[in-house]
Amino acid sequence: MPHASGYFRTTYGQDTRLVDTRTQRVAAGAFICALIALPWLANPFVLDLANQTLLAVVGAVALMLLTGFAGQISLGHAGLMAAGAFCTGILSKELGASIWLTLPASAATGALLGVIFGLPSLRLRGLYLAVSTLALHFIVIYLGHEYETRRGFSTGIVIDPPRVFGWELVDGRAWYVVFLIAAGGTVLIALNWLRSRTGRAWRALHGREAVAEALGIHVPLYKLLAFVASSTLTAMLGCLFAYYRGFVSGEAFSLFLSIQYVAMVIIGGMGSIAGAVMGAVFVTLFPYGIEWLVGLVSEALPEMRGLQNAVFAINYAAFGLVMILFLVFEPQGLAGIWRRVQAYFLMWPFKQKPLSGGGK
Amino acid sequence: MTRHALKPLVGATLAAISLCSGGFASAQDAYLIGVSGAMTGSAAATYAPVVESMRAYIDHINSKGGINGRQVKLVISDNQGEASKAAADAKKLLTQDKVLMLVNASLSSTYAPMVAEAKRANVPVFYAGAVCPKETYPPADPLQFCSTAFGAQYDSQMALATVKEMAKEPVRIGFSAMAIPLSRGEIDYAEGLSKTMGMTPVDKQIVPPPTPDYTPFATKLKDANPNWVYSWAPWVTQVRTLESLRRLGWNGRYIAYAHLNAEDELARLKDNEFYVFGTNAFFQDNLPIQAELRAVMHRAKLNYPITQLSEGYIAGLVLEAALKGAGWPTTAAKVQASMSNLKVDTKGLRGGPIEWTRDNHFRTKQHYRVYKWDTSKGAITRVKDWTAVEVK
Amino acid sequence: MQLVVNIAVLASIYALISCGYVLIYRVSRVLSLAHGELMMLGAYGLVTTASLFAAQPGVAVAAAGLLAAATGALVYWVLMRRMTGEAVLAAVLATIALGILLRGAMVLIWSAQVQHPARMLGFDNPVVALPGGARLSTISLLLVGMNALVYLALWWFLTRTRYGIAMRAAGQNPRLAAQRGINLHAVYALAWGIAVFTGGLTGILIACDAGLDATMATIGLKAFPAALVGGLDSLVGALCGAVIVATAEVLLIHYVDPLLSDVVPFLVLTAMLIVRPWGLFGSREELDRV
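Residue numbers (this note's numbering), protein chains in the order written: chain A, 65 to 424; chain E, 93 to 484; chain X, 372 to 661.
Worth flagging that the hints you see were computed from the coordinates, not collected in a lab.
Simulated crosslink set (DSBU-like; lysine-lysine; CA at most 30 Å straight-line): (1) 157(A) with 484(E); (2) 469(E) with 260(E); (3) 457(E) with 260(E); (4) 211(E) with 165(E); (5) 426(E) with 439(E); (6) 484(E) with 439(E); (7) 426(E) with 190(E); (8) 226(E) with 157(A); (9) 157(A) with 296(E); (10) 211(E) with 157(A); (11) 211(E) with 457(E); (12) 435(E) with 165(E).
The structure displayed is predicted, hence computed values, not measured ones.
Here chain A stands alone, though its shape is the one from the complex:
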């Protein structure tokens, strides 16, 4: 999409640039500054929310690569996270392994599971693929639960905080730095993949497999690659999550978590990394927003105090409702809204939409 009527790209280099106008450079700079400044401004609760959000960003981007770009549905995201977390828990409990061992080990587990999760995709598509990943989710959780119970960790496997270069990672701010690097790294890696041959192959797969094959793309290879890439990232996320929470338990990785990640991808907008980030922010903060809202209402109107008893059910129901509303009214998600708002200001005072097909 031409950014304004007078700006056109003339070289391939410009086309793959991440940040190209001055406004964007300024905006990106300001944004990065804001992210760095956040831990000094925020109280620990907000910091925890920020940390959760950053973790969710990693997961949402990983799922976006798989679902939004390569077009493979997965409902086993929580299972993959669980695999990384259990790998971390088991290694640090049984061997006293440090994070330098558990993180690569989780990544390796993730890659291996990626191959296993991905193999059905060679035969299955769409719905059936989603179901096979769902089945694998249950199997991973079952194995994790068995380990927990057999070893007598009935309230979950407790993990000591990791030591990194002699520092013990306990403080929210320290974690914030780690997660910021992780989330930023994931976003950059994803963006770079997508600008490369691999990313183009994934998009081609998404478009139509037969055509992709005719273009000389090795379909099975790139499908598996998408699964491996996504699940490696997800398992590493599981590892970090386990360390951050200080414990691992099968209950933490319910089907609902998978659905939340899928919701991030949907609400954010399919096929957009920025969408994944926005979706992650939205879904993570949404329940706290509702709680806050209900708190306001019941404080303002004392006769509505009964609402407080119901806030939790309302929260749950509202999440479903928001997902439905996005699916029905805004299938392009937050990224779609963002694009439209942008287009509105670009075209102002004219109202017509920019020509479609101009590349997103």
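Given chain A's structure and the hints, the job is docking chains E and X onto it.
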């Protein structure tokens, strides 16, 4: 697409910053207590009534002028039985609301992250209606306290002692658990214990939580031909195993833990050989305190059966006593000190006082009663009155 | 003998639930993952009608059944009408979202307490002894019978009646069917109505047999592998799938390890997906992509 990747984040961050700088005024003239419970989710049936009745009791106290002349404010959040939500809740309650105590009424998987937060802030954690973790048994963790009726290991000791006392013939005992770590752990413990008490464990069924039909499990249990079956699990598993066994024509004796709804359920099942043991008095006793409880809950307009509300009421009594001892103005450390040396009169709701000492945060004596439905009388009868089990 | 009866009961539960999955999928190519929640809603419907018509249990059950059918049609009319024909994932997610919404709403309305609609209606549930020493409860027997009845009725409906044939036509080729004057929306709404009715019926029967609480929704998910093993667009398949999954489950509980019963349906499903992804009786089809 890629070019716009970063922009929306600016907005999000700014929103986040404005949210945190907005600030939340905390009432410094009241006792602030943080509660994190499973108010929704699959475990809500067990934990939501506890939190609601505790709130009702605290409202009642507040309407009578509060504790030490101060109001008590409960800040309640829902963790849906999920560990990460519990962690986030704990963090919020501790850092934003600056609560004096955390109350946990949720699944045991939420304990570890919550305790980790509490330790960092040095604030006591009080388990109300949630399973007492080992850390509250002597030697107790200085920050963890528990008033919940049931207690792992002591329950099985009591159950098996009862079985041994009542059985005239050699005991062939079967076990039933739910496939959650806690229940499985307890049943494994009971299985080991039964051997040392001269019983023959014949079979152990572990049932996954959402099960449409318990009959296949019960069939296997019945085929092992036990004359007693012991179950320590959430009520569904206990009772549906029993119902399925009965349908299969098994007529041995069944003993299980008396969860809060036991009184209503005994009357529903009308099973002459179904024994329940528990630590809360049944409402058929019609004690004065129970009448008061009824009135309090009626005023709060809670739509739960009254029997389900005693656990939260007891937690309220404990909370009241702990805060009374902590004085005003107070700190988390003072509350913790008060809790480490506490004796709460349960006025008959339990078989004795809840007593906490420096290294026992469970109770010094656990009192059990055994009940069953008596078909000849058409009423619930006490098989065994308060029996104390020493907690060491 | 008892084992055979156990298998029959469990298979009936799975079959009754999965015929809802199959019906909706066959007609509108949408997989409804809210089926467990809709089933639970049907059972809660009985709780409500039971408190209204406590004296006439027959009226209460019939009203609950009608309510379930109406809910199904309403779900289609309000939500799924917009999602049918969209990408597979979007439609599936819409049903998941609907499920979440319903769960929240049900806790809001009926609280999370365990309810016993059978007791509210004054049913008791005596044990029936079968020849061969097997025993089961009356409602379990009713469940098996109802399952047979529902499948027979569906077979008759789909092959012998005008609307049933229209429904199959819509499932096979919606565009052609529409051109032949079949009102697609009405057909889809009818399919949803019937599917939710059968689901609600299962929910009602399970609730009468064992009580009703918030965990019922997950039972819907457990029956789901049965539908897939048999083939998502075949009723015969759903029946066979239910029998296979139930048999595997009951035998494993009895002879191997009860703990496996939780994962076995999914193991059977995985095996099936590897060998014959479209199921035993399903039609091999070009499946959509995202």
